[in-house]
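**Student:** Assemble chain B onto chain A, guided by the hints.
Protein chains: 2
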Amino acid sequence: MLEQTTEMNLLYDFYGLLLTERQRTLLELYYHDDWSLGEIAEHQGVSRQAVFEAIKRAQATLTDLEEKLGLLQKHLKRQKIAEELLQRLEEMPEARAIVKPFVSELVDID
Amino acid sequence: MLEQTTEMNLLYDFYGLLLTERQRTLLELYYHDDWSLGEIAEHQGVSRQAVFEAIKRAQATLTDLEEKLGLLQKHLKRQKIAEELLQRLEEMPEARAIVKPFVSELVDID
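In order, the protein sequences belong to chains A and B.
Under numbering that gives the first Met the number 0, the first sequence is numbered contiguously, ending at residue 109.
Under numbering that gives the first Met the number 0, the second sequence is numbered contiguously, ending at residue 109.
So here's chain A without its partners, still in its complex pose (with noise of 0.2 Å):
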């Protein structure tokens, strides 16, 4: 399991652009900087609960987006995959060293 905070950025990497404008705002501040609710909400002039409930319901649509499209689960499968195949290659470096690089960019275009 993935500490929340990490896992909330990364699912905020893979499905930000589906959040409105606001969302990314607050989740950025809260999840990205590092700012308290009490921060946020004295920034942006609303209670602190509005920003607590607000982000609540942003995180809840990231947690549908990955229960609905699973972009994370996929690319830490792919990750695993590709270290598996290059320790299958560990005694083959000419071929493993060619492999390599097409094979980071297996995993990267995530």
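Don't read these hints as lab results, they were simulated from the structure.
Possibly wrong hints are sitting among the right ones.
Pairs involving identical chains hold if they fit within one copy or between any two copies, as the list cannot separate such chains.
[Claimed, not checked] Straight line, CA to CA, 20 Å or less: simulated EDC-like cross-link-like pairs of lysine to aspartate or glutamate: (1) K99 - E83; (2) K79 - E20; (3) K67 - E27; (4) K76 - E66; (5) K99 - E41; (6) K67 - D12; (7) K55 - D33; (8) K55 - E104; (9) K79 - D32; (10) K55 - E38; (11) K55 - E41; (12) K76 - E104; (13) K99 - E82; (14) K55 - E2; (15) K76 - D109.
Note that this is a predicted model, so its numbers are computed, not measured.
**Tutor:** Just chain B now, kept in the frame of chain A:
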């Protein structure tokens, strides 16, 4: 460029779960089962125009999702990289035999 029906079928495979149940039904009848607008309209007891507009909206949603997440483009890019890698290994049959199933898995996870 992919032919429109093919492209819509692919986008549906990637993003169908983000559509409503009704949108999924319409697109399946229209693109997958190849019903006409008139047949769908009769079957659902609505006007042909209503079916036409609902399908247009569903298509627009799929196109918008692809613009934001690019899953189809990424998939096609992965297929290309995989082909290039296997070509590069053509004269290393032992390595190629090891690499091929891993690379297929990396591409097929989508």
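**Student:** Next, verify each hint and record whether it holds.
**Tutor:** Against the structure, the hints:
1. K99 - E83: Intra 12 Å, inter 13 Å, cutoff 20 Å: intra and inter.
2. K79 - E20: The answer is neither: 33 Å in one copy and 34 Å across copies each exceed 20 Å.
3. K67 - E27: Answer is between: at 18 Å across copies they meet the 20 Å cutoff, but 23 Å inside does not.
4. K76 - E66: Cα proximity of K76 and E66: one copy only (15 Å, versus 24 Å across).
5. K99 - E41: neither (49 Å within a copy, 56 Å between copies)
6. K67 - D12: both (16 Å within a copy, 12 Å between copies)
7. K55 - D33: within (16 Å within a copy, 42 Å between copies)
8. K55 - E104: neither (34 Å within a copy, 35 Å between copies)
9. K79 - D32: neither (30 Å within a copy, 38 Å between copies)
10. K55 - E38: Classified as within; 17 Å inside a copy, 44 Å across copies.
11. K55 - E41: within (18 Å within a copy, 43 Å between copies)
12. K76 - E104: Classified as both: same-chain Cα gap 15 Å, cross-chain 10 Å, threshold 20 Å.
13. K99 - E82: For K99 and E82, both the intra-copy (10 Å) and inter-copy (15 Å) Cα distances are at most 20 Å.
14. K55 - E2: within (17 Å within a copy, 41 Å between copies)
15. K76 - D109: Classified as both; 12 Å inside a copy, 11 Å across copies.
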